[in-house]
Amino acid sequence: MPTPEQPSLIVRQKSPQNTEFPFASLSDWLIPTELFFVRNHFASPDLDARDWRLHVGGAVERPIELDLDSIKAMRSTTFTAVVECAGNGRVYYVPPKEGLQWQNGAVGNAAWTGVLLREILEMAGVKRTAREVLLVGADSGVVDTNKKTASPGPIAFARSLPLEKAMAHSTILAYSMNEEALTRDHGYPLRAVVGGWFGMAWVKWITHITVVEQPFLGYWQARDYFRWERSLGEPRLVPLAEMEVKAQIARPVQGAHLIAGQPYRIFGAAWSGEAVIRQVQVCTGDGRGWREGRLLETERPFAWRLWEYMWTPEEVGRYILRCRAIDGAGCVQPDLPRSDCESYAANWIVPVEVTVVPEPQTYEEEFVI
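Read in order, the letters of the sequence shown are residues 1 to 369 in UniProt numbering.
Do not take every clue at face value.
As the list claims (entries may be wrong) - Label pairs and their in silico Cβ distance ranges: (1) 98 - 285: 48 to 56 Å; (2) 53 - 230: 38 to 46 Å; (3) 14 - 289: 30 to 38 Å; (4) 263 - 337: 28 to 36 Å; (5) 317 - 153: 31 to 39 Å; (6) 98 - 76: 13 to 21 Å; (7) 99 - 65: 42 to 50 Å.
Said to hold, decoys possible - With a Cα cut of at most 30 Å, we get these calculated DSS-like pairs of lysine-lysine: (8) 147 - 97; (9) 72 - 14; (10) 14 - 148; (11) 97 - 14; (12) 14 - 127; (13) 72 - 127.
What the hints contain is simulated information worked out from the structure, not anything from laboratory work. We treat Cβ as the ideally placed atom computed from N, Cα and C, and that holds for glycine.
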């Protein structure tokens, strides 16, 4: 059984494998690969790097084909970035929404090593008419058989990036995670790392890159992973892109018992999209309003920030703990869900209820998975 010292992934779906990091066990800035969440739409393909090739074509001057050794021989870059599944927190929707019922652990921070997507595109020579860059993975299958939302037969997982984001220094093709080769479930031999964007943009097992001259309207962009946008009046569909500003409490866990008069560390992580985290505020429900949490670690673009707040509850009773993040663009984590996000982008404040008791109890420390 999992323990605080040896947590284990939470299985949300066995086939294809989808597993969640036990967020209550958060302790380090980097999440170990073996505890990093896994989001698969189809079975993980078993690729042999000796046979694998990356094909780059479309609106380019020179279509190219690269093997893994050729890519590793290019100038490498390493940066730390947080990735969050767009459905993280879906379990908190009321009424319930369709999709995997992620709690709060479909998110993680890791060090990624690879090559800038920009450099591979420059090798191929992007034409001036280019608009987007389509990334296609080796995983494929049929989606929603016999439903209105069914795919037109077997399809690959594929998403496009605007040319500007594809050429940015925050977008790389990674072959290493936390200083080790990618595992099969994390995209071996090559995956996209798209700093600041939800995980659906981080295409795994990439085999094809196609530069396109029109907006891509494939299944995973036009029928799934979208939200509604009302800036033009009537709602229109917009593909999901940047992550939303968000902070989560790792500890104490829901239902924990704390002791009156003893200090307790409220601890968690916060992240956003293209902007860095500037503040995390905490409200303990004791009538003192929002107070400043302490940001830990060094600020790094596209990585999350761990944070803490020391609280000494003076009176016994039940308390509602809340946290909220504010990023460098001035975005504040909302109090309530937004109706236009379908079942995605659940970044509103999720309270944690604790009970303050007068003296230690006889049971062991709480730990949930």
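Here is how each hint holds up against the structure:
no., hint, result
1, 98 - 285: 48 to 56 Å, "33 Å, violated"
2, 53 - 230: 38 to 46 Å, "43 Å, holds"
3, 14 - 289: 30 to 38 Å, "45 Å, violated"
4, 263 - 337: 28 to 36 Å, "33 Å, holds"
5, 317 - 153: 31 to 39 Å, "59 Å, violated"
6, 98 - 76: 13 to 21 Å, "40 Å, violated"
7, 99 - 65: 42 to 50 Å, "36 Å, violated"
8, 147 - 97, "17 Å, holds"
9, 72 - 14, "33 Å, violated"
10, 14 - 148, "25 Å, holds"
11, 97 - 14, "20 Å, holds"
12, 14 - 127, "43 Å, violated"
13, 72 - 127, "25 Å, holds"
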